[in-house]
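Chemist: What follows is each chain in one-letter form.
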Amino acid sequence: MRELRVTPIKNGTVIDHIPAGMALKVLKILRIGDAVASTVTVAMHVPSRAMGWKDIVKVEDRELGVREVEKIALIAPTATVNVIRNYNVAEKRRVTLPDRAVGILRCANPNCITNAREPVDTEFVVKSKAPLRVFCKYCDRELEDVAAHIV
Amino acid sequence: MSSFRGRDVLSIREFSRADIERVLRAARKMVPIALGKKVSRSLEGKILGTLFYEPSTRTRLSFESAMIRLGGRALGFSGAEGTSVQKGESLADTIRMVEAYSDGIVLRHPQEGAARLAAEFSEKPVINAGDGAGQHPTQTLLDLYTIWDEKGGIEGRNVALVGDLKYGRTVHSLAYALAELGATLAFVSPPTLEMPREIVEHVKERGLAVRMTHHLEEVIHDADVLYVTRIQKERFPDPQEYEKVAGTYRIDTALLRDAKRDLIIMHPLPRITEIAPEVDRTRHALYFKQAFNGVPVRMALLDLVLGGGE
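Line by line, the protein sequences give chains A and B. Everything in the first sequence is counted per this note's numbering, starting at 57 for the first residue and increasing by one. Everything in the second sequence is counted per this note's numbering, starting at 25 for the first residue and increasing by one.
Same shape as in the complex, but just chain A (with noise of 0.2 Å):
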């Protein structure tokens, strides 16, 4: 019998095919730390017949919202998302990186308007995904470091 690394779950999320080595990253986007009211589980450098290797991240009783999906995409633009109901997969979809990134991300230039405390969203334009390149749309820098400035 093949042992199973991980166990299905009964209600939750599981976020599959993310690249090795970013699942922590995508523990941190979740705000998964010391507050956590369910079961999380993550395996790392998973095997994968696609991508070689893989992380995994289970959040048990959770549903993403369409930002912290946004955000996972920034990190992990080959990650799936599939929304557990009663041990069955309701839902299972792509993450995808929308041309505007709104929310979901801080200006790396401490000298822009959106780091002033004035009521607006931040928003970066997606000039590129593959590489990764997005632009504040406000003072029009490339925000070199992304995975580090999402909020």
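These are calculated hints, taken from the structure and not from any lab test. Since the structure is predicted, the reported quantities are computational estimates derived from the model, not experimental observations. We treat Cβ as the ideally placed atom computed from N, Cα and C, and that holds for glycine. There's no promise every hint is true.
With a cut-off of at most 27 Å between alpha-carbon atoms, the simulated DSSO-like pairs for lysine-lysine come out as follows [said to hold, decoys possible]:
(1) B:K53 <-> B:K228
(2) B:K257 <-> B:K284
(3) B:K175 <-> B:K228
(4) B:K62 <-> B:K313
(5) B:K70 <-> B:K175
(6) B:K190 <-> A:K183
(7) A:K183 <-> B:K228
(8) B:K284 <-> A:K185
(9) A:K81 <-> A:K66
To be clear about the criterion: a stretch of chain B counts as covered by chain A if any three or more of its residues have a C-beta under 8 Å from a C-beta of chain A, and this derived list gives those stretches [stated by the list, open to error]:
(10) 139-145
(11) 148-158
(12) 322-331
Please build the complex by placing chain B on the supplied structure of chain A, with the hints as guidance.
Modeler: Here is chain B on its own, set in the frame of chain A:
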């Protein structure tokens, strides 16, 4: 060509070639009015809000002069002291208030992206008069106007941009626009202050030749325009680095002996030592005329945006 009425003027990159040429032609018609030789009432009854969060003598006065010359009026502040801004009011709230008092807003702000944010909170048109190290489209338009007016056009003219090409915002916008209009460009700077790569690439993508050099002597003989910028001390974290490059280029009459007879020298001002005072008396010196051109160019823009010019 898009309509100008009610349009925000935030970045020169949002201007097509046809848009730019339209402003230049309109500006030429404004010159007699700017000189006080003709009278215009085209913006009578209109109010321009001029919000200068940091002082700027030339830009503010030329906007106000432009508005008054067209029969309109300007109100606003220069420096945030004594205003609600100092009490911590957000830019968004200030804009919503001023929008109610005026027909259009001119904004100078120390932070990048401020004008775009202001435009989102205002139904009335917003004109960017400089946002931090970001955009300053009316400066670019007046620079283009000066070249166009003096040289009879821009396409094919040899324009050399000289000095701090890395941090100087005016030269970035100007390089974009000159490429849009088909000028032949040369970038002359110290090795540490070269034009950013993306701008050089943009120029090349437009199929234009661009020369990059550290030596002014290499371009002086065939340049039609020398656009000189100040190397700004405040951009250098290390004063020693500044001392290394300060004074790299100094335009004087000796250098100009190799220049074309009709070379024009431009500078956004204030200048420090980049252009020797002796050059002021030569036919090449255009920088004071360039500063004057700010008025007819801003008149043309205000007229197009606030109503009468369509």
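Chemist: Broken hints, numbered, in rising order?
Modeler: 1, 2, 5, 8, 12
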